[in-house]
Amino acid sequence: MDIAVLIKQVPVSNNVSVDPETHALIRASAEGMINPADLNAIEEAMMLKEQTGGKVVVFTMGPPDAEKALREAMAHGCDESCLITDRVVAGGDTIATARVLAEAIKKYGQFDLILGGALSADGATGQVGAMVAECLGIPHICEIQSIKYDEAAPDKIEAVKKVYGERFLVRTSLPAVLSVNFGCNVPRLATLRSTRAAKNKPLAVYTNADLNLPEDQVGIKGSPTAVIDSFEPTGGRMAEMLTGTPEELAVKLKDLIDEEKGNL
Amino acid sequence: MEKKRIGIIGGGISGTCLGYHLSLYDNAEVIVFEKATIGGASTAKSAGTVCLFDDSLKNRYWDVRLYGFESYLKMEAEEKGSAGFDKTGTLVVATNEQVEATIKTGIALAKAAGYSGEYITDKDRIKEILPDISTENILGAGYTQDDGYFDGTMISNTYAKKLQKNGGVIKTGVKVTEVIVKDNKVKGLKTSEGEEYEFDYVVDCTGPWSKFTGELVGLDVPIWHTKAEAFFLCPPGKKLSYTFPVLKYPEFYALRAGDNIFICKSHLSMDLNNPMHAGQWDPDKLPETGGTDDYFIDFLLDQLEVKVPGIVDSGLVSSWLSYRAEPKDFLPILGETPVEGYILATGYGGNGVIEAPAASRDLAKLIMRGESTPLLEDWAFKRLL
Amino acid sequence: MANGICIFAENYNGKLEPASAELVSAARLIQETTKEQISAVVVAKDCDGIIEELKNIGVEKIYAVKTDHDILFQDDAASQVLADMIRKIDPSSVLIPATPAGRSIFSRVAMKLNCGLTADCTELLVGTKEDGSYYIKQNKPSYGENVFVTIVTRDGYYPQMMTVRPGVYTIPEKSEGNAEVVYMDDIQIPESRIEIAEILPQEDSTDSILSAEIVVVGGRGTLEDDNFELVKQFADKIGAAIGGTRPMVDTETIPFDHQIGQTGLTIRPKICISLGVSGAIQHTEGIKDTKLFVAVNTDENAAIFKVADYGMVADLREVLENYLKL
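Chains as they are written, first to last, in UniProt numbering: chain A, 1 to 264; chain B, 1 to 385; chain C, 1 to 326.
Because the hints were derived from the structure by calculation, they are not lab data. Honestly, I wouldn't trust all of these hints.
To be verified - Quick look at which bits of chain C chain A covers, simulated, 3 or more residues with Cβ under 8 Å:
#, stretch
1, 54-60
2, 103-111
Unchecked claim - Selected chain C positions facing chain B (Cβ under 10 Å, derived; list incomplete):
#, residue
3, ASN114
4, GLY177
5, ARG220
6, LEU223
7, ASP226
8, ASN227
9, ARG246
10, PRO247
11, VAL249
12, THR251
13, GLN259
14, THR266
15, LYS306
Claimed, not checked - Reference excerpt, derived from the structure (chain C facing chain B, CB under 10 Å, subset only):
#, residue
16, SER278
17, ASP299
18, ASN301
19, ALA303
From the three backbone atoms N, C-alpha and C, an ideal C-beta is built for every residue, glycine too.
Turn these sequences into a full structure, and let the hints steer you where they fit.
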């Protein structure tokens with residue numbers, strides 16, 4: 001089974017602030033890492049590869065520096081990688097980004113399964129996977145806890161989906177896109193050796209010239225939505241201090257927990 | 001007795017330890033200003049190997065090493081966990097005769113102070129202590145069971161608490177923005193909160209930031225940064241079946257961190273003329289994790305394949321980069337400066353946890369009593385002028 | 001001309017999801033300025049109960065498609081049906097709960113309609129364009145909760161479509177409603193390639209700290225006396241997994257694979273209650289993206305209060321003893 005994994009390079013630290021005058025984002029550190037849930041997607045891909053053979057190709061769109069994330073993904077076991085990098089496609093919203101990823105997947109080759117992490121640690125939209133599926137005209141299932149492939153039914157895949165406080169066994173035809181939950185498995189670690197080996201694994205670089213998407217379909221120009229302002233939350237980053245007797249504090253704690261539990 | 005007001009900039013191991021030693025004097029009024037959290041920056045990234053003998057500090061400074069070690073043992077005895085002691089013992093590997101001689105002297109000193117220590121040439125015994133090691137191409141190894149890892153962040157917080165108990169004040173989340181100097185004499189400082197404080201002495205305990213802190217009084221503090229690149233490794237079997245000791249080679253050192261192994265390129269293998277190793281950077285731009293250079297992977301792989309092949313296929317759990325800050329002779333800068341009342345307690349490099357107690361003891365004496373010590377003479381700022 | 005505020009009535013087992021009911025409150029705030037009608041789209045096997053619920057919380061018009069089975073798990077089919085409905089209704093805005101179903105179905109709808117989808121809004125405000133027409137300022141958190149951004153749907157793209165974080169708006173008070181109901185019988189329901197094979201039995205998730213939604217984290221303070229026993233009872237009571245800092249691992253109070261921080265794990269629970277943790281970076285780096293983070297510590301200067309949402313300067317023992325009595 002050939003599997004594509006979509007990953008995103010996210011900042012190591014979400015510690016950003018806003019310039020009070022220009023309203024531009026100021027990042028404390030430029031250091032990037034693979035979005036944590038994407039590592040769970042890579043691990044699912046590796047387990048399926050061990051069962052069925054085939055190859056795992058990891059895709060990302062981003063600045064040239066995103067090569068680091070791809071090399072790291074290959075250190076975790078992915079066989080090949082593809083970086084889509086181009087000023088023209090940069091800055092797009094989820095719609096414009098999904099178009100680019102879908103086109104890159106099509107150009108790269110045939111895949112039986114496409115995996116991604118459920119939510120990114122920075123934007124946390126949880127939308128791109130489903131949008132890629134729509135572009136490719138194939139099914140998408142989110143909130144995946146585990147994936148099972150049965151050789152006896154090679155055109156289908158089974159997965160456990162967790163939603164409404166229940167677990168459902170779902171089945172779909174292939175190819176399909178599955179969005180994998182953070183923490184659903186324990187990703188294997190890269191080693192010193194695999195990190196060195198990843199330096200020599202294939203990395204294809206696509207620009208929009210390779211994808212041939214109309215410029216009004218990608219990047220900022222092709223995005224139906226636009227960010228017009230950014231601001232820091234009021235009240236700063238200090239915890240709101242609650243006071244009272246231990247009895248009162250216990251009640252306050254219970255209220256907070258019960259309220260948030262209602263939203264789970 | 002006349003009160004002496006002392007403002008300390010920086011709440012890492014240097015600042016909290018000095019603050020505590022000052023607070024032992026009745027007439028000291030101490031305030032520590034920390035812009036983030038206590039023991040949270042370079043101190044938190046320190047490997048914290050406080051060993052009875054290794055190459056981190058020359059045997060000539062045995063008193064400094066012993067005083068540091070025993071200060072933390074005492075702290076740990078007063079309240080378990082307050083110094084974060086992990087008593088794993090230390091194995092120092094001799095790969096050449098020079099190292100062997102240093103180890104042997106160190107062992108003799110440790111034994112004279114009442115601790116255990118032996119130089120082992122029986123390779124089977126070395127393998128008993130560290131089964132994953134390769135004993136080829138080594139002469140022997142020094143071993144003691146008595147020392148190990150101490151947690152710099154825990155220690156800093158414990159010193160901070162003790163200093164508060166003695167009447168000192170800790171201000172976290174407060175950045176010093178200005179040092180007030182009049183007629184070449186320190187008068188006080190101003191903070192990011194807009195407050196102004198009067199002090200007789202202001203002490204720079206900002207380690208990697210000292211270059212910037214010195215600029216507040218127009219002082220060029222000759223601090224360089226060497227990179228401390230560290231990895232946390234998960235052993236191939238997930239959990240080692242033996243107690244992994246602090247392991248020292250001239251090129252790198254390692255210690256256990258829970259079930260993982262922390263491994264770092266050694267201090268003395270850093271080349272100040274290699275821009276990959278050393279420079280003058282902005283520590284505010286250091287990421288909390290990550291940031292290591294690619295060459296470091298190759299370096300570690302090559303080292304481990306030869307020296308500790310049993311853990312070469314460990315998983316990479318996480319990594320970080322920290323700056324050791326020191327002058328070009330790798331020794332700290334303590335004491336007076338050309339600006340009257342502006343004191344330095346910085347440049348500890350990779351040895352802050354080991355050296356801070358003895359250095360602070362002596363520096364407190366200098367500030368409170370005006371008495372210098374041989375150590376302060378050795379590590380004085382004027383040696384660099 | 002597109003007009004109206006349309007709400008996606010997410011439903012499960014014949015009941016309206018609370019997160020969808022909350023959207024009516026968001027819509028009413030928009031309506032105060034724009035005076036538009038508030039409508040809802042329902043796709044379900046048992047529409048009647050859901051329609052009743054929508055009527056009673058103030059929805060003014062309800063568009064429904066009855067299906068022979070619930071199709072909201074089948075994104076491919078559901079998104080086709082909903083896209084067709086919205087094309088016909090032609091609203092100026094569509095509000096969707098930021099739930100797994102809302103996100104994944106409407107991501108496809110947005111692509112079909114080429115209209116954009118703003119994720120996880122926590123505040124919707126009305127702005128006025130130069131020509132006097134209205135638009136919605138869609139405010140949402142980014143980079144955890146460190147920054148908020150305002151997003152708009154650009155001119156030429158419509159409807160304005162956004163998901164709204166559950167729990168931000170409250171469910172309107174119930175009242176006797178009188179909404180017009182339109183059954184859109186002409187809408188085709190396509191075959192789905194997704195099937196639900198079965199509902200699986202519940203599993204005990206508190207063993208795995210990584211996937212746990214609720215985590216209690218203990219620090220050195222929990223090692224004193226028999227505090228840890230209290231922590232365990234507390235964790236049981238709220239259904240939480242227990243993690244801890246290094247001192248707890250060193251004393252073998254918790255296993256190493258439950259240590260949190262740089263030398264341990266990074267966890268992303270929805271709810272995190274930290275007890276007696278001072279908060280060195282090695283530890284706070286290990287907890288991210290929480291929705292609720294409460295810290296209890298006796299030291300008012302503890303660094304943990306800089307990362308938590310709520311803080312209590314208190315003896316954890318006293319708080320927990322009282323909590324267990326509640």
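Please list, smallest to largest, the hint numbers that this structure does not respect.
Those not satisfied are hints 1, 3, 4, 7 and 8.
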